[in-house]
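**Q** Kindly produce the complete structure, drawing on both the sequences and the hints.
Listed below, chain by chain, are the residues.
2 protein chains.
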Amino acid sequence: MSTTATIERPLISTEELLKNWQGHRNLTRKVIEVFPEKDLFNFSVGGMRPFAELCKEMITVSGGGLKQIVTGNIEAFEDAMPEIKEKADLLQAWDEASNQIDIYFPQISAAKFHEEINLFGAYKFPAIENIQYFIDNEIHHRAQGYVYLRALGIEPPFFWDRG
Amino acid sequence: MSTTATIERPLISTEELLKNWQGHRNLTRKVIEVFPEKDLFNFSVGGMRPFAELCKEMITVSGGGLKQIVTGNIEAFEDAMPEIKEKADLLQAWDEASNQIDIYFPQISAAKFHEEINLFGAYKFPAIENIQYFIDNEIHHRAQGYVYLRALGIEPPFFWDRG
Chain A
1 MSTTATIERP LISTEELLKN WQGHRNLTRK VIEVFPEKDL FNFSVGGMRP
51 FAELCKEMIT VSGGGLKQIV TGNIEAFEDA MPEIKEKADL LQAWDEASNQ
101 IDIYFPQISA AKFHEEINLF GAYKFPAIEN IQYFIDNEIH HRAQGYVYLR
151 ALGIEPPFFW DRG
Chain B
1 MSTTATIERP LISTEELLKN WQGHRNLTRK VIEVFPEKDL FNFSVGGMRP
51 FAELCKEMIT VSGGGLKQIV TGNIEAFEDA MPEIKEKADL LQAWDEASNQ
101 IDIYFPQISA AKFHEEINLF GAYKFPAIEN IQYFIDNEIH HRAQGYVYLR
151 ALGIEPPFFW DRG
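These protein sequence lines are chains A and B, in that order. Numbering follows the working numbering, in which position 37 of the first sequence is assigned residue number 37; successive positions increment by one, without gaps. Numbering follows the working numbering, in which position 12 of the second sequence is assigned residue number 12; successive positions increment by one, without gaps.
Some hints could be false.
Note: identical chains are not told apart, hence a pair may lie in one copy or across any two.
What the hints assert, rightly or not - Dumping the calculated DSBU-like pairs for lysine-lysine here, alpha-carbon to alpha-carbon at most 35 Å:
hint: 1; residue 1: 124; residue 2: 19
hint: 2; residue 1: 38; residue 2: 112
hint: 3; residue 1: 85; residue 2: 124
hint: 4; residue 1: 56; residue 2: 85
hint: 5; residue 1: 85; residue 2: 19
hint: 6; residue 1: 56; residue 2: 67
hint: 7; residue 1: 112; residue 2: 56
hint: 8; residue 1: 67; residue 2: 85
Since the hints were made in silico from the structure, they are not lab data.
**A** The structure is reproduced here in structure tokens:
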């Protein structure tokens, strides 16, 4: 559909959304790095999951979810969750998911962002809402890692340090 | 500037951003509600601030920050922080900030979202980046409230419950 229209800069462009997301991912990576190895996999507060488990969820949701949006190949959440038992492997999986996001995100067309997809066979929303949920979910779980670090007497990275 | 262009639905419209933000605010309100009165103002983990203090920051940042964007009247952060000592007053201040957001947000023009503003005399970024930061900051601090609740043995609201 072509017509005469005022061209306005969008509120948030796809490039800006991706940059913001990867900035958040950089920060989450720093939080992983600052955790002592054993606490990353064992420590938690109030019976919650240890931070490594939260990160495995983020990796599955983000890298894996975006791949599903682009390929249309839906996989159940449990089947997509990686087995990780060491910090070095968690950081590597984190970086691989970040690379996947850089590859897959630009392949989503403007129209496709608004198409519904039944992600992991369970979350049926427009792609952009699913992606926004991935990012919000990462901020949410990362913040829980901040509390774990404080409870361990460790200073977490600054919230604004996304470089 | 007018020209022939393909009209595409934006990635995220201003209405969608506002709706998403108010959904997050609804959830944060539920987290405040579920806190026992004394724990809201006194309990914390690892020497962090109690949840009421985090909420007062969110109220100042969000309602107050948006007012600064619209009016251009810059106020220092410390001067904008409310004195609140009871849960009922915190909920009332929360609702007032939500109403302020509903009033001020639609007054921001498409161009103004991309203009830099030195918010609270300290955070000089385009308005849209400041607003995105408000929302991310709310998700971050609310998640810390989730951990406090778990540490108190209290079930927090579901993360997706934004109604």
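**Q** A separate judgement is required for each hint: does it hold in the structure or not?
**A** Here is how each hint holds up against the structure:
no. : hint     : in the structure
1   : 124 - 19 : both (25 Å within a copy, 19 Å between copies)
2   : 38 - 112 : neither (42 Å within a copy, 48 Å between copies)
3   : 85 - 124 : within (31 Å within a copy, 42 Å between copies)
4   : 56 - 85  : within (10 Å within a copy, 39 Å between copies)
5   : 85 - 19  : within (29 Å within a copy, 39 Å between copies)
6   : 56 - 67  : within (16 Å within a copy, 39 Å between copies)
7   : 112 - 56 : within (27 Å within a copy, 39 Å between copies)
8   : 67 - 85  : within (24 Å within a copy, 48 Å between copies)
Comparing the model with each numbered hint stated earlier shows that hint 2 is the single one that does not hold.
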